[in-house]
Amino acid sequence: KVVSVSSFFCFSCVVVLMFYVLCTKYVREPYMDEEFHFRLTSRWCNGSFGWDPMISTGPGMYYYTYGMNRVLQSLYELGSEENSWGCSLPALRLYMIPISFASFFIFRSISSITGPSGKNAAILALKTFLFPLLFFYQFLYYNEILSTATVCIAYLLCLRQSYIMSAVFGFISISIRQTNFIWLLFCMAVAMQREVMISNYAGDSPLRIVWIALQQLGELCWRSLTNGRALVKTSPNFNGRSFCPFSCVPCDADILL
1 KVVSVSSFFC FSCVVVLMFY VLCTKYVREP YMDEEFHFRL TSRWCNGSFG WDPMISTGPG
61 MYYYTYGMNR VLQSLYELGS EENSWGCSLP ALRLYMIPIS FASFFIFRSI SSITGPSGKN
121 AAILALKTFL FPLLFFYQFL YYNEILSTAT VCIAYLLCLR QSYIMSAVFG FISISIRQTN
181 FIWLLFCMAV AMQREVMISN YAGDSPLRIV WIALQQLGEL CWRSLTNGRA LVKTSPNFNG
241 RSFCPFSCVP CDADILL
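Residue numbers (the UniProt record's numbering): 1 to 257.
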């Protein structure tokens, strides 16, 4: 019997929670860059809103976790501001998990617009959710998950032509990680291309628009083919999977195209 996508996603969420429990039990000290993130967040929780020169990213993630801590204190009265579970390392790691789960639905929404729809869109989103370089940050206090989610929301809003809200989430993503500026340029290029296409071909017949799209697709395929052949000739050890940033499945990059 074939397992449904929703069932496999639920199983993946359970795996993430299991890894979180194991990390909480066996990795009690901050792991690698968690040391800097945890140290600065602890200061913020104690009311000292300074900055750590060892941190090269923006303050977006710390605003998020500080806000989550304040909400928990208000709802559950977990303790004083100087000594509460809400700013402990297990709590900070836990704050990333809801963002991780939400990212699956963001990926699925993007895929349904840019690629396949229905079950195939969910499968593509699930493969992206399980992408190894992203998956192993889902139960640690790193900014990768929050950064990816905000960038993808900005891209999704751009695809839906909600450009103001896309810019808002783009600004949030830059506050989490400055290099997201590159992805905002990508969103801007997508928006400009769509607006130009709409304005240039608004009065044309549907058949002409389809013909122009087929011409552009053919040109893109031809360039990809010729570039690929050149790469194979110049690189004896070339592996075709290196074309795709998601090494587990060759077509995963379709979610961004």
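Be a bit skeptical, because a hint or two may be false.
[Stated by the list, open to error] Pair by pair, the computed Cβ-Cβ distance ranges are:
1. 193 with 49: 17 to 25 Å
2. 59 with 132: 26 to 34 Å
3. 90 with 11: 21 to 29 Å
4. 51 with 14: 33 to 41 Å
5. 75 with 113: 33 to 41 Å
6. 181 with 63: 29 to 37 Å
7. 29 with 194: 43 to 51 Å
8. 181 with 102: 35 to 43 Å
9. 219 with 43: 36 to 44 Å
10. 162 with 33: 32 to 40 Å
To be clear, the hints were calculated from the coordinates, so they are not data collected in a lab.
C-beta: ideal position from N, C-alpha, C; glycine also.
Results for each hint:
no.	hint	verdict
1	193 with 49: 17 to 25 Å	41 Å, violated
2	59 with 132: 26 to 34 Å	28 Å, holds
3	90 with 11: 21 to 29 Å	23 Å, holds
4	51 with 14: 33 to 41 Å	38 Å, holds
5	75 with 113: 33 to 41 Å	36 Å, holds
6	181 with 63: 29 to 37 Å	19 Å, violated
7	29 with 194: 43 to 51 Å	48 Å, holds
8	181 with 102: 35 to 43 Å	23 Å, violated
9	219 with 43: 36 to 44 Å	54 Å, violated
10	162 with 33: 32 to 40 Å	33 Å, holds
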